Amino acid sequence: MGINKVILHIDLTKRLATTKSYDDIHKFVGGVGFASFLTKERLDFDPVVFSVGPLNGFFPFVSKTCASFVEDFSFHDVYVGGKLSTRLQFSSFDAIVLEGSAKAPVVISIAGREVNFYNASTDPFSVGTPGKRCVMSVDSKHKQFLTDGVFAFGGNALSEKLQAKGVVAITVSGTEETQTMLNPKYEKLYLEILSKVKMLLIEPSNNASCSGCPMGCKDSKVGESGGDVFTHCLVACKFADPIYSDLSLVFACLNTLGYDYNHGDLENLPILVNSTTNFIYEKLSNSKLETK
Amino acid sequence: MTRKILRVTNPDKCIGCELCAFVANRLCGRVGISGSPVKILGKDKPFKIHLDPSVNDLEIDKIAGICPKDCFSVDDTEDLSELEYMLEGESNGD
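Residue numbers (the working numbering), protein chains in the order written: chain Y, 8 to 299; chain W, 40 to 133.
Just chain Y, with the same shape it has in the complex (with noise of 0.2 Å):
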């Protein structure tokens, strides 16, 4: 299960989509470990990354998308809360990933395994599923890109990438079901979680909440930068980091759900991305030398 990831590549400037599998994805678990091999694999086409990890909708506090791309010679990796890792998780899509620029500004729908594109006048809230879909945009007023109008990704940077890019808003449906909790362990393990809500490094609050966390909490519209690359990975909140910052817990977990991960695998994961990004850093560091 979810062992073989699926990639979807949208090509803006040709407005088509299409899916890839890459053999050496599985080991950089999801999240920034996705966005990182994904960028690096595609660096050329400008790549605006958008992922999720393995545990995005199958446990509690692991409510976070990850944004990745390239600016100012540098790699940049930006989280937002809301429904969207639920959406994307059960879309047909383990990352999606946005290549170069359109030649007009344009809304995408991507609804199971199909990818619309529609002109820029297209209210996204009118497309997709509803009940299911999360729809980013940008919002021109603050100069964030929000999922639902309401959650932002860290920072204005990416919200300017894709203005640049000329997207105006992408809907994303979680079409797709999943009948893995058969196994007994997967609804005992999702309960233990929950149950350790106290672990927390926020308090519990009224407002609207992240899909799959009961808190509510005061940041959940707030979206994140930097922060722990083991957690990027597996895309949870970052105040979960006292819960997914245990390994025999996330290999639990991942062991539940099918995944072949060993204990060595999981340790190792912060250097294999940070290899990756030193060497996505060190090319657009000679291009930079090369346009001077």
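It is worth saying that the hints were derived from the structure and are not from the lab.
Just so it is clear, the structure is predicted and the values come from calculations on it, not from any experiment.
It is possible that some hints are incorrect.
[What the hints assert, rightly or not] Result set (DMTMM-like, lysine to aspartate or glutamate): computed pairs, CA atoms no more than 25 Å apart in a straight line:
#, chain 1, residue 1, chain 2, residue 2
1, Y, Lys225, W, Asp83
2, Y, Lys195, W, Glu98
3, Y, Lys203, W, Glu98
4, W, Lys84, Y, Glu210
5, W, Lys43, W, Asp96
6, W, Lys87, Y, Glu183
7, Y, Lys27, Y, Asp267
8, Y, Lys203, W, Asp109
9, W, Lys101, Y, Glu194
10, Y, Lys245, Y, Asp226
11, W, Lys108, Y, Glu210
12, Y, Lys192, W, Asp100
13, Y, Lys195, Y, Glu184
14, W, Lys87, Y, Asp130
15, Y, Lys205, W, Asp100
16, Y, Lys192, W, Asp96
17, W, Lys87, Y, Glu184
18, Y, Lys195, W, Asp96
19, Y, Lys225, Y, Asp248
20, Y, Lys228, W, Asp109
21, W, Lys108, Y, Glu194
22, Y, Lys195, Y, Asp253
23, W, Lys52, Y, Asp226
24, Y, Lys203, W, Asp100
25, Y, Lys245, Y, Glu199
26, W, Lys108, Y, Asp248
27, Y, Lys203, Y, Asp248
28, Y, Lys228, W, Asp51
29, Y, Lys12, Y, Asp272
30, Y, Lys27, Y, Glu106
31, W, Lys84, Y, Asp226
32, Y, Lys12, Y, Glu48
33, Y, Lys228, Y, Asp130
34, Y, Lys195, W, Asp100
35, Y, Lys205, W, Asp109
36, Y, Lys192, W, Glu98
37, Y, Lys27, Y, Asp53
Using the hints provided, position chain W relative to the given structure of chain Y.
Relative to chain Y, chain W alone:
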């Protein structure tokens, strides 16, 4: 004959975490939101909670119990027409 039914008693408290939708789907043998008999509609508060009548065939105590804001209650009813359709408000276009 009485039967237990799930009611939405505090919809205004819903924070949209969807734990109820996920647990209902797990009780159906699925993971995800697709096909769940409980749906949370809306982009921000106030969210709308939509119950499919088939939810009452499930262990509804588990659905009510997982809500962090006590939006649900489990009541006994003799009026089986209550099982037909329960919709709290309209979608506000999620």
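Hint-by-hint comparison with the structure:
no.	hint	result
1	Lys225/Y <-> Asp83/W	14 Å, holds
2	Lys195/Y <-> Glu98/W	16 Å, holds
3	Lys203/Y <-> Glu98/W	23 Å, holds
4	Lys84/W <-> Glu210/Y	19 Å, holds
5	Lys43/W <-> Asp96/W	9 Å, holds
6	Lys87/W <-> Glu183/Y	22 Å, holds
7	Lys27/Y <-> Asp267/Y	21 Å, holds
8	Lys203/Y <-> Asp109/W	19 Å, holds
9	Lys101/W <-> Glu194/Y	12 Å, holds
10	Lys245/Y <-> Asp226/Y	11 Å, holds
11	Lys108/W <-> Glu210/Y	14 Å, holds
12	Lys192/Y <-> Asp100/W	20 Å, holds
13	Lys195/Y <-> Glu184/Y	20 Å, holds
14	Lys87/W <-> Asp130/Y	21 Å, holds
15	Lys205/Y <-> Asp100/W	23 Å, holds
16	Lys192/Y <-> Asp96/W	23 Å, holds
17	Lys87/W <-> Glu184/Y	22 Å, holds
18	Lys195/Y <-> Asp96/W	22 Å, holds
19	Lys225/Y <-> Asp248/Y	17 Å, holds
20	Lys228/Y <-> Asp109/W	22 Å, holds
21	Lys108/W <-> Glu194/Y	21 Å, holds
22	Lys195/Y <-> Asp253/Y	17 Å, holds
23	Lys52/W <-> Asp226/Y	18 Å, holds
24	Lys203/Y <-> Asp100/W	21 Å, holds
25	Lys245/Y <-> Glu199/Y	19 Å, holds
26	Lys108/W <-> Asp248/Y	24 Å, holds
27	Lys203/Y <-> Asp248/Y	12 Å, holds
28	Lys228/Y <-> Asp51/W	19 Å, holds
29	Lys12/Y <-> Asp272/Y	17 Å, holds
30	Lys27/Y <-> Glu106/Y	14 Å, holds
31	Lys84/W <-> Asp226/Y	15 Å, holds
32	Lys12/Y <-> Glu48/Y	15 Å, holds
33	Lys228/Y <-> Asp130/Y	22 Å, holds
34	Lys195/Y <-> Asp100/W	17 Å, holds
35	Lys205/Y <-> Asp109/W	18 Å, holds
36	Lys192/Y <-> Glu98/W	19 Å, holds
37	Lys27/Y <-> Asp53/Y	17 Å, holds
Consistency note: the structure conflicts with none of the earlier hints.
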